[in-house]
Amino acid sequence: MQLCKQLQSETGMNNLNSFDSKYMMFVCNNWELVEKKERSDPGAENRYWKEIVLKIRKYFPGISEHDQLYKLITTEVS
Numbered sequence: 001m002q003l004c005k006q007l008q009s010e011t012g013m014n015n016l017n018s019f020d021s022k023y024m025m026f027v028c029n030n031w032e033l034v035e036k037k038e039r040s041d042p043g044a045e046n047r048y049w050k051e052i053v054l055k056i057r058k059y060f061p062g063i064s065e066h067d068q069l070y071k072l073i074t075t076e077v078s
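Each residue of the sequence shown is one higher than the last, beginning at 1 in the numbering used here.
Do not take every clue at face value.
Label-pair restraints from in silico Cβ distances [claimed, not checked]:
(1) P61 <-> S9: 17 to 23 Å
(2) S64 <-> L33: 32 to 38 Å
(3) G62 <-> P42: 16 to 22 Å
Computed list of lysine-lysine pairs in DSSO-like fashion (alpha-carbon distance at most 27 Å, straight line) [to be verified]:
(4) K37 <-> K71
(5) K71 <-> K22
(6) K22 <-> K36
(7) K55 <-> K71
(8) K71 <-> K50
(9) K36 <-> K71
(10) K22 <-> K37
(11) K55 <-> K22
Since the hints were made in silico from the structure, they are not lab data. Every residue gets a Cβ at the ideal spot worked out from N, C-alpha and C, and that includes glycine.
Could you build the full structure based on these sequences and the hints that come with them?
What follows is the structure, encoded as structure tokens:
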């Protein structure tokens with residue numbers, strides 16, 4: 001999201017439309033931290049996911065949360 005904010009401030013929102021969102025993939029890393037939070041705050045994982053999807057769709061409205069956004073749990077990767 002930092003890259004989106006930087007591009008927006010440097011070139012304006014219209015320049016982000018030059019990226020074809022159907023070829024994009026977003027990986028939400030460290031998702032194990034969200035799952036840990038879920039134990040003490042039921043519903044937190046769902047709230048965080050919805051917030052992430054909304055933020056990404058602000059810049060790329062055509063993005064599919066089912067095909068282009070992924071949760072990465074780093075403890076399972078290592």
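Hints and how they fare:
For the pair P61 and S9, the beta carbons lie near 19 Å from each other, so the given range of 17 to 23 Å is met. For S64 and L33, the Cβ-Cβ distance of about 24 Å falls outside the hinted range of 32 to 38 Å, so the restraint is violated. Against the hinted window of 16 to 22 Å, the Cβ-Cβ separation of G62 and P42 comes to about 32 Å, which falls outside the hint. Note on K37 and K71: the hinted pairing holds, with a Cα-Cα distance of about 15 Å set against a maximum of 27 Å.
Taking the CA atoms of K71 and K22, the gap is about 18 Å. The hint holds against a cut of 27 Å. Pair hint K22 plus K36 does not hold up; C-alpha atoms about 32 Å apart against a cutoff of 27 Å. Between K55 and K71 the CA atoms are separated by roughly 15 Å; this keeps the pair inside 27 Å, and the hint holds. Distance check on the hinted pair: K71 and K50 sit about 13 Å apart at the alpha-carbon level, within 27 Å; holds.
Taking the CA atoms of K36 and K71, the gap is near 14 Å; set against the 27 Å cutoff, the hint holds. For the given pair, K22 sits about 31 Å from K37 by alpha-carbon distance, which is inconsistent with the 27 Å threshold. For the suggested pair K55 and K22, the alpha carbons sit about 17 Å apart, so the restraint of at most 27 Å is met.
The structure fails hints 2, 3, 6 and 10 (numbered hints given earlier, in ascending order).
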